[in-house]
Amino acid sequence: MEGKEEDVRLGANKFSERQPIGTSAQSDKDYKELPPAPLFEPGELKSWSFYRAGIAEFMATFLFLYITILTVMGVSQSKTKCTTVGIQGIAWAFGGMIFALVYCTAGISGGHINPSVTFGLLLARKLSLTRAVFYMVMQCLGAICGAGVVKGFQGNSRYQMLGGGANVVAHGYTKGSGLGAEIIGTFVLVYTVLSATDAKRNARDSHVPILAPLPIGFAVFLVHLATIPITGTGINPARSLGAAIIYNKDHAWDDHWIFWVGPFIGAALAAIYHQIIIRAIPFKTRT
1 MEGKEEDVRL
11 GANKFSERQP
21 IGTSAQSDKD
31 YKELPPAPLF
41 EPGELKSWSF
51 YRAGIAEFMA
61 TFLFLYITIL
71 TVMGVSQSKT
81 KCTTVGIQGI
91 AWAFGGMIFA
101 LVYCTAGISG
111 GHINPSVTFG
121 LLLARKLSLT
131 RAVFYMVMQC
141 LGAICGAGVV
151 KGFQGNSRYQ
161 MLGGGANVVA
171 HGYTKGSGLG
181 AEIIGTFVLV
191 YTVLSATDAK
201 RNARDSHVPI
211 LAPLPIGFAV
221 FLVHLATIPI
231 TGTGINPARS
241 LGAAIIYNKD
251 HAWDDHWIFW
261 VGPFIGAALA
271 AIYHQIIIRA
281 IPFKTRT
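Take the sequence shown: its position 10, counting from 1, is numbered 10 in the numbering used here, and each next residue is one higher.
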């Protein structure tokens, strides 16, 4: 019986996300710098919490694509702007879903729901490479399934006619403009994630963990308002991949590299900026 109780106590969180979004990284007020996560933790692969977190990322990204792509297509099929939620509604759908899903999954997987967020946290040494790769795979699979369900509801002809919610660079903008928009937009998102989940802030201010999903969702909302006219707003490679695979038209694939390269560059820049400038971790005196 004692052995079972020990499994219950350690099993779910023994190899948990090192800095989960929306949950406190410190239990006391005396802040201590957390050690960087190792690149590989063999024990993770034997822990149910590892696979449970991956399933949570899959389901969250599935729901994210389902709601947001349906919203995008609802706007696309409307004949007049007066009968649709418009760009503002699309932005609210993306930001609102991120807020809700981060809140729901933060304590299980960290609530990434985005390979670029996972990549940024990996560079900041907040999770292992093993976990990061697993998360990205599950996020992409969830996105593909979510877009697939939307296509099933809409029917193939309607889905193709309305563009499938795929990300492309809009007419009148160059690929360089689209790439720049994706880099800056992802920088805003990942910088917000790192700031909202900072372990030092969590240790000092008890309200920070509770409020963390709000600025993250709001950042997604604002970035969408700014960049929907340019690229449809990717800033999430899984979202772009899921829509592109199900839509599967040449013009969507022509620009698809932008929605991977841009977000990963933006995430890397945000992680470097936060670690070096904001936290000055490389310059702190080691004791």
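It is possible that part of the hints are untrue.
[What the hints assert, rightly or not] Taking lysine-lysine pairs in the DSS-like style, the calculated list, with each CA pair at most 30 Å apart, reads:
1) K151 <-> K79
2) K249 <-> K79
3) K175 <-> K79
4) K249 <-> K175
5) K79 <-> K46
6) K46 <-> K151
No lab work stands behind these hints, which were simulated from the structure alone.
Quick rundown of the hints versus the structure:
At most 30 Å may separate the alpha-carbon atoms for a hinted pair to count; K151 and K79 meet this at roughly 20 Å. Using a Cα cut-off of 30 Å, the hinted pair K249 and K79 holds, with the two alpha carbons roughly 23 Å apart. Distance hint between K175 and K79 is fulfilled; the C-alpha atoms sit about 29 Å from each other, no more than 30 Å. This hinted pair checks out: K249 and K175 have alpha carbons roughly 18 Å apart, not beyond 30 Å.
A threshold of 30 Å between alpha carbons decides the hint, and for K79 with K46 the separation of about 53 Å lies outside it, so the pair is violated. Between K46 and K151 the CA atoms are separated by roughly 36 Å; this puts the pair beyond 30 Å, and the hint is violated.
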